[in-house]
Every structure is written in C-alpha cells, then in structure tokens.
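Chemist: Please construct the entire structure, taking both the sequences and the accompanying hints into account.
4 protein chains.
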Amino acid sequence: MKTKIRTPFFETSVKNYIYGDNVIEYAKVADAASKEYDIDVLFVAPYTEIRRVSESTDRLIVLAPYMDAIKPGRGIADVLPEAVKAAGAQGVMINHSERPMTLSAIKKTIDRANELDLLTFVCADTIVEAKALALLHPDILNPEPTELIGSGNVSDMGYVKEVIKVVKSIDPSIMVEQAAGITTAQQVYDFIMAGSEAAGSASGILFSENPYSLLNEMVCAVNRAKKDLERGI
Amino acid sequence: MKTKIRTPFFETSVKNYIYGDNVIEYAKVADAASKEYDIDVLFVAPYTEIRRVSESTDRLIVLAPYMDAIKPGRGIADVLPEAVKAAGAQGVMINHSERPMTLSAIKKTIDRANELDLLTFVCADTIVEAKALALLHPDILNPEPTELIGSGNVSDMGYVKEVIKVVKSIDPSIMVEQAAGITTAQQVYDFIMAGSEAAGSASGILFSENPYSLLNEMVCAVNRAKKDLERGI
Amino acid sequence: MKTKIRTPFFETSVKNYIYGDNVIEYAKVADAASKEYDIDVLFVAPYTEIRRVSESTDRLIVLAPYMDAIKPGRGIADVLPEAVKAAGAQGVMINHSERPMTLSAIKKTIDRANELDLLTFVCADTIVEAKALALLHPDILNPEPTELIGSGNVSDMGYVKEVIKVVKSIDPSIMVEQAAGITTAQQVYDFIMAGSEAAGSASGILFSENPYSLLNEMVCAVNRAKKDLERGI
Amino acid sequence: MKTKIRTPFFETSVKNYIYGDNVIEYAKVADAASKEYDIDVLFVAPYTEIRRVSESTDRLIVLAPYMDAIKPGRGIADVLPEAVKAAGAQGVMINHSERPMTLSAIKKTIDRANELDLLTFVCADTIVEAKALALLHPDILNPEPTELIGSGNVSDMGYVKEVIKVVKSIDPSIMVEQAAGITTAQQVYDFIMAGSEAAGSASGILFSENPYSLLNEMVCAVNRAKKDLERGI
Chain H
748 MKTKIRTPFF
758 ETSVKNYIYG
768 DNVIEYAKVA
778 DAASKEYDID
788 VLFVAPYTEI
798 RRVSESTDRL
808 IVLAPYMDAI
818 KPGRGIADVL
828 PEAVKAAGAQ
838 GVMINHSERP
848 MTLSAIKKTI
858 DRANELDLLT
868 FVCADTIVEA
878 KALALLHPDI
888 LNPEPTELIG
898 SGNVSDMGYV
908 KEVIKVVKSI
918 DPSIMVEQAA
928 GITTAQQVYD
938 FIMAGSEAAG
948 SASGILFSEN
958 PYSLLNEMVC
968 AVNRAKKDLE
978 RGI
Chain C
748 MKTKIRTPFF
758 ETSVKNYIYG
768 DNVIEYAKVA
778 DAASKEYDID
788 VLFVAPYTEI
798 RRVSESTDRL
808 IVLAPYMDAI
818 KPGRGIADVL
828 PEAVKAAGAQ
838 GVMINHSERP
848 MTLSAIKKTI
858 DRANELDLLT
868 FVCADTIVEA
878 KALALLHPDI
888 LNPEPTELIG
898 SGNVSDMGYV
908 KEVIKVVKSI
918 DPSIMVEQAA
928 GITTAQQVYD
938 FIMAGSEAAG
948 SASGILFSEN
958 PYSLLNEMVC
968 AVNRAKKDLE
978 RGI
Chain G
748 MKTKIRTPFF
758 ETSVKNYIYG
768 DNVIEYAKVA
778 DAASKEYDID
788 VLFVAPYTEI
798 RRVSESTDRL
808 IVLAPYMDAI
818 KPGRGIADVL
828 PEAVKAAGAQ
838 GVMINHSERP
848 MTLSAIKKTI
858 DRANELDLLT
868 FVCADTIVEA
878 KALALLHPDI
888 LNPEPTELIG
898 SGNVSDMGYV
908 KEVIKVVKSI
918 DPSIMVEQAA
928 GITTAQQVYD
938 FIMAGSEAAG
948 SASGILFSEN
958 PYSLLNEMVC
968 AVNRAKKDLE
978 RGI
Chain S
748 MKTKIRTPFF
758 ETSVKNYIYG
768 DNVIEYAKVA
778 DAASKEYDID
788 VLFVAPYTEI
798 RRVSESTDRL
808 IVLAPYMDAI
818 KPGRGIADVL
828 PEAVKAAGAQ
838 GVMINHSERP
848 MTLSAIKKTI
858 DRANELDLLT
868 FVCADTIVEA
878 KALALLHPDI
888 LNPEPTELIG
898 SGNVSDMGYV
908 KEVIKVVKSI
918 DPSIMVEQAA
928 GITTAQQVYD
938 FIMAGSEAAG
948 SASGILFSEN
958 PYSLLNEMVC
968 AVNRAKKDLE
978 RGI
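In order, the protein sequence lines correspond to chains H, C, G and S. No gaps in the numbering here: position 195 of the first sequence is 942 in our numbering, and each next residue is one more. No gaps in the numbering here: position 30 of the second sequence is 777 in our numbering, and each next residue is one more. No gaps in the numbering here: position 181 of the third sequence is 928 in our numbering, and each next residue is one more. No gaps in the numbering here: position 6 of the fourth sequence is 753 in our numbering, and each next residue is one more.
One or more hints might be untrue.
One copy or any two copies: either way a pair holds, since identical chains are not told apart in the list.
[To be verified] Taking lysine-lysine and the BS3-like style, the derived pairs with C-alpha atoms no more than 30 Å apart in a straight line are:
1. Lys818 to Lys775
2. Lys915 to Lys855
3. Lys974 to Lys751
4. Lys908 to Lys775
5. Lys974 to Lys818
6. Lys855 to Lys912
7. Lys775 to Lys855
Source of the hints: derived by calculation from the structure; they are not laboratory data.
Modeler: What follows is the structure, given as structure tokens:
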C-alpha cells in the first residue's frame with residue numbers, strides 16, 4: 748500500500764547542491780521539523796543517499812528524483828524502480844524540468860510506480876501541461892513554470908488558483924503543490940492558504956543565509972496555514 | 748589518491764538483474780572470494796547500493812555505473828561525482844554500451860574523476876574505439892564488442908591480443924580487461940593467460956545455475972592464472 | 748492561414764524505406780489518387796524531399812516528419828520550423844513513436860507550428876495519452892498503439908470508437924486518424940465508417956506486392972466510405 | 748568515388764540563422780566566389796535545402812549537417828544517409844558541438860559515409876579529442892574548442908599548429924580545418940598560412956555588416972594564402 752500523505756504537506760530536496768553527510772544533516776533537520784509541527788515532509792533524495800536518509804529519519808517521506816520504467820534486467824546505469832523502493836523510497840519524482848520525460852515514459856513510469864506502491868510526484872510546466880498530466884492520475888502534481896525554478900520569483904496567485912481548479916476538475920484526489928521560486932516562509936503560508944495542498948522549496952532554502960532555520964520556518968508555516976484553514980480564517 | 752589496483756584483477760556487477768539485499772549478499776560473496784584468493788575485485792554497484800556495498804565489504808573496490816560530468820549545483824536527477832565518491836565509490840564506469848556517451852562527455856567525465864581521485868573504467872566497442880579512448884588515458888579499458896554482451900559468446904583470442912597490443916602501444920599503464928560474454932572460470936583463466944590484466948562477468952554469473960559458486964571459481968581462476976604467469980608457464 | 752483539410756482524408760508516408768526519386772514517384776501516385784477520387788491526401792515527406800514533393804505534386808498536403816521548437820539561430824543539425832515551411836510543408840508530424848518527444852517539447856512545437864500556420868499532426872500511444880494530447884488542441888490526433896506500427900495488425904473497433912469519443916469530448920474540432928497496422932483498402936473503409944476522420948498507411952503499402960495499386964485503392968476506399976456516409980448507410 | 752577536394756579550401760554554412768530562398772542566395776554567392784578564386788568551397792546545407800543548393804550551384808561541395816547511421820527502413824524522423832546522398836550531398840558533418848554524438852555513433856556514421864562515398868567532416872573539441880577522432884580516419888577534421896564557436900574569438904596559433912601536428916602524426920591524409928570564431932578574411936589567411944588546409948566561418952559571416960562581401964573576401968583570402976604558400980613565402 749502506498750504511503751498515506753496528510754495535507755497540507757511540505758516538500759524539499761537538495762538537488763545536487765550538497766552531497767554525502769550534508770544531505771543527512773539537512774534531512775535530519777527536515778525530519779525534526781516534521782515532528783515538531785506534525786506536518787508531513789517529502790524529501791527528494793539523491794539516489795546514493797535514499798537508503799541512508801530513509802534509515803536516519805523517522806517521519807520523512809523519501810522520494811527518488813527519477814526512475815526508469817524498466818523491469819529487473821539489463822541497463823547497468825539505469826535506475827530500477829525495485830531498487831529505489833528497496834532502498835527505502837516511498838515515491839518518485841517524475842518529469843522534473845531538469846529531467847524532462849516523453850509523455851510515453853511518464854505514463855509508463857506512473858504505471859510502474861503504481862505496481863510497486865510508490866507515490867507519484869509529477870511535475871508540469873504550463874497549466875495545460877498540468878491538466879494533461881492530471882489525466883494520468885498521479886498522486887501529486889507540481890506545476891512549476893520552468894522559468895521560475897531557482898529564480899527567486901514565485902508563481903502569482905492567479906496562476907496558483909487556476910491550476911488547482913483545473914487539476915481538481917479532472918481528478919479531485921490529486922494533491923497540488925506549488926514550489927517554483929519559493930524563498931520565504933510567508934510564501935509557503937500564502938500558497939497553502941490559496942488552496943495548494945503543499946508547498947516546496949530547494950534552492951530557496953539552500954541559498955538562504957540560514958538554511959536550517961528557514962527550513963524549520965517553512966514547515967512551521969505549513970502548520971500555521973493548516974490551523975488557520977481549520978479555523979476557517 | 749586513487750585506489751591502487753593489483754593485477755590481475757576480477758570485475759563484476761549485478762546490473763539491474765537483482766536489487767536491495769540480494770546485491771549485498773552477492774557483494775559479500777565477491778568480497779569473501781577477494782580475500783580467499785588475495786585478488787582485487789572491482790564491483791560496479793547500483794547507485795542506491797554504493798554506500799551499503801562499500802560499508803558491508805572489506806576489500807571490494809566499488810565503482811559507480813555512471814556519473815554526470817557536473818559540479819555541485821542543479822540537476823536533481825543527475826549523478827553527481829562528489830556524491831558517488833562520498834557514498835564510498837572508488838571509481839566509475841564510463842561509456843558502458845548500455846549507456847553510451849558522447850566523446851566530449853567521456854573526456855569531461857574522466858577529467859572530473861581524476862579531480863576526485865576516482866578510478867576510470869572506460870568501455871569501448873571496436874578495437875579502433877579502444878585505441879581512441881586509450882588516448883584519454885583511463886585507468887582501465889574494457890573493450891567489449893557490443894554484440895557479445897550477455898550473449899554467452901566471448902571475444903576470440905586474436906581480438907584479445909590485438910586490443911591489448913594496441914592499447915599498450917599508446918599507454919602501457921592502462922589496464923586492459925576482457926569481459927563480454929564470459930560464462931566460465933576457464934575463460935577467465937584463458938583471458939588472463941592471454942595477457943589481459945583483468946576479466947569480468949555479470950550476466951554470465953547471474954544466469955548460471957549456481958552464481959555464488961561460479962563467482963568464487965572465477966576469482967579463483969584469476970589467482971590460478973596469476974600464479975601460473977609468475978611461474979612463467 | 749493553415750491549409751484547410753476536407754474529411755475524410757488519407758495519410759501516408761515512406762518513412763525511410765525509400766529515398767530520392769522513388770519518393771517523388773510514390774508521391775505522384777498519391778497525388779494522382781487524390782485528384783482521381785477528390786480526397787485530401789496528407790504526405791509526410793523526408794526532410795530532404797519536402798520541397799521536391801511539394802513542387803512535383805498538385806494536391807498533396809505535405810508534412811514534415813518532425814521539427815525542433817526553435818527560432819532561427821544556432822543548432823546546425825536541428826530542423827527549423829521556418830525552414831520546413833519555406834520548403835513547402837503545410838504541417839508537421841509531432842511525437843511519432845519513432846521520435847517520442849517530451850510533453851514540454853510537444854507543447855512548444857504545437858505553439859511554433861501555430862505561429863507559422865503549420866498543421867499539427869500529433870501521434871499518441873494509449874487512449875489516455877490521446878486524451879492528454881487532445882488538451883493541446885492539435886489539428887489532427889493519431890492514436891496508434893506502438894506495438895501495432897508496422898505489425899500488420901490493426902486496432903480493434905472498440906479501441907477506435909473509444910478513442911474518437913474521448914478526443915471529441917475534449918475538442919470536437921480535432922480530426923482523429925487511425926493508422927497503425929493498416930494493410931488493406933477494406934480496413935481503410937472500415938475505420939472511416941467507424942467514425943475516423945482519416946486513415947493512414949505507410950509500411951502496409953510499401954511492403955505489399957503492388958504498392959502503387961494498393962495506395963490507389965486505399966484512397967479510393969476513403970472516397971467510397973465518404974459517399975456511403977453521405978448516403979447515410 | 749568520393750568527391751576530390753583541392754586544398755586549401757573554404758567551408759561555410761548558414762546553420763539555422765537563415766532559411767529558404769536566403770540559403771540559396773547565400774550559396775550562390777559562395778559558388779561565385781569559388782569560381783572567381785578557383786577555390787573549393789564546402790557548404791553545409793540545412794536538410795531541406797540540400798537538393799536545391801546542389802542544383803542551383805556549380806562548384807559548391809554540399810554537406811549534410813548530420814545523418815543517422817541507419818540503413819533504409821523505419822525511423823520516420825531520422826536522416827537516412829542514402830537520402831542525403833540522393834539529394835545531392837557529397838559529404839556529411841559529424842559530431843558538431845551543436846549535435847554531439849557518442850563515440851560509437853561517430854564510428855558507425857563514418858562507416859556508413861564511406862560505404863556511400865560521402866566525405867566525412869568530423870568536428871572535435873579539445874586536441875586530445877581531435878587525436879582520438881583522427882584514429883577513425885575522417886577525410887576532414889575540424890577541431891574547434893566549443894567555447895569559441897560563435898564567440899568572435901579564434902584559436903591561437905599555438906593551438907592550431909599543435910592540433911595539425913597531432914592529427915598528421917596519426918594520418919597525414921586527414922585535412923585539418925580551423926573554423927571556430929573566424930570573423931575576418933585576415934584570420935582565414937593566417938590560419939591557412941599556419942598550416943591549416945582549410946578555414947571556415949558561419950556566424951562570423953552572417954553577423955557581419957556585409958555578409959556577401961565578407962564571404963567573398965574570405966574565399967579570396969584562401970586563394971591569396973594558396974599563392975603565397977606556393978611561392979614559398
């Protein structure tokens with residue numbers, strides 16, 4: 748059975764900005780925040796650290812950054828779905844703008860992930876691509892205009908609300924995340940309040956003056972938004 | 748400093764035929780054989796198991812199956828050289844026929860590996876490609892005609908001797924391995940006796956009736972060839 | 748303004764089975780059939796023959812087999828949209844299973860084609876992919892299960908009707924073609940009668956005993972189906 | 748039989764900066780200069796204009812910018828070697844930095860070109876790559892440091908002389924061209940005088956104030972260098 752995610756949640760990764768022990772240290776800070784604020788945190792780990800992140804943390808939901816839609820066999824440099832699962836991944840990121848995939852490969856990778864009960868976290872660029880990918884019923888859809896990634900600029904609220912409406916009209920069970928360009932805890936709060944089920948940040952945190960502190964604040968902001976939403980603010 | 752390899756050596760991998768704990772079990776058998784016969788064994792591990800193989804074994808020389816010639820930064824699904832090294836890899840396989848690379852990328856990956864003191868294990872197809880790649884001075888060159896890989900057929904001795912001569916004429920310090928199609932310990936012995944500094948097998952072992960036993964026999968055959976060569980047989 | 752296509756139409760290509768003058772000869776037969784039966788025929792020409800096919804025929808609607816979503820500039824080996832248009836192409840094939848594209852590239856290529864008034868002929872594999880691609884509003888959608896292409900087996904009528912219904916529910920103006928595995932004029936007739944706006948065949952024609960005769964018969968079959976549909980049979 | 752090239756020669760292309768009739772106009776200017784100065788001029792034409800350039804000019808030696816190492820058959824969007832030859836190409840550019848190829852594909856493409864008597868014009872980046880590719884015995888080797896292409900900066904003479912020496916030491920029959928960053932006729936003259944058998948320019952010409960005039964001057968400069976070399980200056 749797939750891991751059950753509670754919304755709203757937070758998502759982060761280290762891309763390839765840091766490696767080795769620093770990944771684990773970062774993951775532990777994310778895990779501590781997850782526990783402190785009782786918020787689910789998805790962590791996209793480099794292939795080489797999936798197992799260690801998984802074993803070193805209690806509550807993080809660990810994702811692989813990509814996998815090939817293959818079955819056990821040849822392909823020495825390919826990423827086998829069974830291997831990322833065995834290493835502790837509970838899901839997989841698909842079609843990130845830094846690793847765009849053919850539509851056919853996206854479909855096949857979602858199929859393989861579902862076979863193995865791996866969560867599918869699918870990235871899209873424009874609204875129409877998000878809508879098209881919603882038809883493949885991923886668990887999470889992350890529409891992030893490519894030009895915003897790592898830019899420090901965020902999507903405007905009109906885009907955010909429109910994309911949520913479009914995705915939900917196709918499949919209300921798909922969770923929609925906003926991630927591109929987020930650099931402050933306030934943005935995290937605002938996106939959740941605007942109806943996103945999740946917010947995410949990677950370079951926005953890593954390039955900040957105090958990454959661990961900002962990571963903690965962002966998870967805190969999800970919790971704050973959750974409570975405000977529950978209170979009907 | 749790069750890991751020093753003693754010749755003749757043996758090389759193996761599991762490609763993506765097996766995953767998770769089975770990789771570790773296989774690696775431990777290879778490690779035990781390495782110790783039993785005092786023969787260096789190179790093990791190409793899936794990204795997700797590089798660290799665990801490295802930590803679970805004593806003498807294996809662990810290689811990544813591929814890496815991107817990038818520096819720390821973006822590229823969430825790319826394989827960062829610093830990350831494979833931090834995970835315990837002592838080298839990297841480059842240009843395997845299941846992940847062919849542009850000449851430019853081969854050159855850049857060798858450069859990055861050298862910067863990080865990672866052994867470079869470069870695969871070639873034809874003799875002329877082996878010769879061309881010898882000019883890039885990898886540590887190990889593995890010329891394997893693509894059509895033989897996984898076929899159960901081995902290169903003939905004429906090819907083997909010719910390729911060794913050609914490579915050594917360019918750079919005598921490059922170690923030459925034969926791997927394509929090896930399925931028996933006798934072939935391992937014969938290739939070493941014919942002048943190869945190494946023999947390798949992956950699917951030949953995994954598809955055999957008793958993989959662990961064959962793996963052990965192959966490492967034993969390297970040792971036997973080594974002794975016979977020392978005695979000048 | 749884009750070329751206006753009258754339905755039902757026929758589509759064919761020579762892939763890379765033939766080249767040079769043989770392409771022109773084939774195109775002329777298609778053109779003659781187009782005139783004889785007053786049926787629009789789309790012809791996907793190799794890049795090198797787009798201009799000559801266009802200049803040697805009267806009624807064929809010529810398509811490029813692919814183009815890069817670039818603007819005039821660098822990219823010496825890329826296919827510039829302006830160049831295929833200048834050569835006489837009236838449209839472009841996108842995402843053929845022999846050249847799968849990322850979702851993002853499909854979107855951008857459709858955008859570029861629309862800017863240049865080039866018809867967009869988009870291929871899909873499964874029904875769900877056809878539906879996803881319908882959201883990008885191509886002019887023509889050609890859902891062909893990859894495993895049928897060149898196989899001599901056709902899609903069953905259940906698939907055909909389902910895919911038409913699904914595409915039309917999203918955008919009734921998209922023309923739906925069936926092409927995979929068609930080898931007889933009767934199949935062409937049947938697919939049109941089943942509601943397809945077009946039928947297509949390439950290897951089915953080229954591998955037949957008498958390709959020119961079969962090509963003519965297939966265009967004739969479109970005409971026959973058209974008349975029967977008009978008569979309400 | 749392959750087209751015989753007389754050295755020193757000039758090489759140019761339009762990449763994708765211009766298209767359609769403008770390509771033909773440019774080609775005609777190159778052709779006129781070729782005749783005026785009795786210098787061979789290689790012209791790399793976009794796929795769609797290979798035939799028209801070939802038919803509209805008398806002396807240009809026309810090259811395709813790339814081809815796939817396939818045989819007639821499937822691959823609707825691939826570039827068939829037989830097709831570019833039938834369209835009038837006398838050769839093919841291989842491994843341009845804007846379309847880098849795997850070492851294996853470079854080898855196979857050279858083999859296919861030789862089968863069809865197509866001239867092979869192979870690009871390299873660093874000196875060591877030029878040396879490696881010299882082992883594949885192309886007809887022409889064009890070592891151009893990627894960072895110089897389109898930059899307006901040229902290789903220094905030390906690089907030029909070194910690369911010629913290295914290539915000739917492997918195969919003296921390989922013609923060596925210098926192209927990256929050339930923007931003036933004087934540079935063309937200097938490179939030929941320094942021992943290059945050819946000089947080339949594309950963006951350097953197209954971005955100049957008076958492209959046709961500069962193109963003519965560059966071909967003239969090849970002629971001037973040729974005469975000065977013959978006179979032993």
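Chemist: Taking the hints in turn, state whether each one holds.
Modeler: These are the hints, each one checked on the structure:
no.	hint	result
1	Lys818 to Lys775	between (32 Å within a copy, 24 Å between copies)
2	Lys915 to Lys855	both (23 Å within a copy, 24 Å between copies)
3	Lys974 to Lys751	within (20 Å within a copy, 57 Å between copies)
4	Lys908 to Lys775	neither (32 Å within a copy, 53 Å between copies)
5	Lys974 to Lys818	neither (43 Å within a copy, 41 Å between copies)
6	Lys855 to Lys912	both (26 Å within a copy, 23 Å between copies)
7	Lys775 to Lys855	neither (33 Å within a copy, 34 Å between copies)
In summary, the numbered hints that this structure violates are 4, 5, 7.
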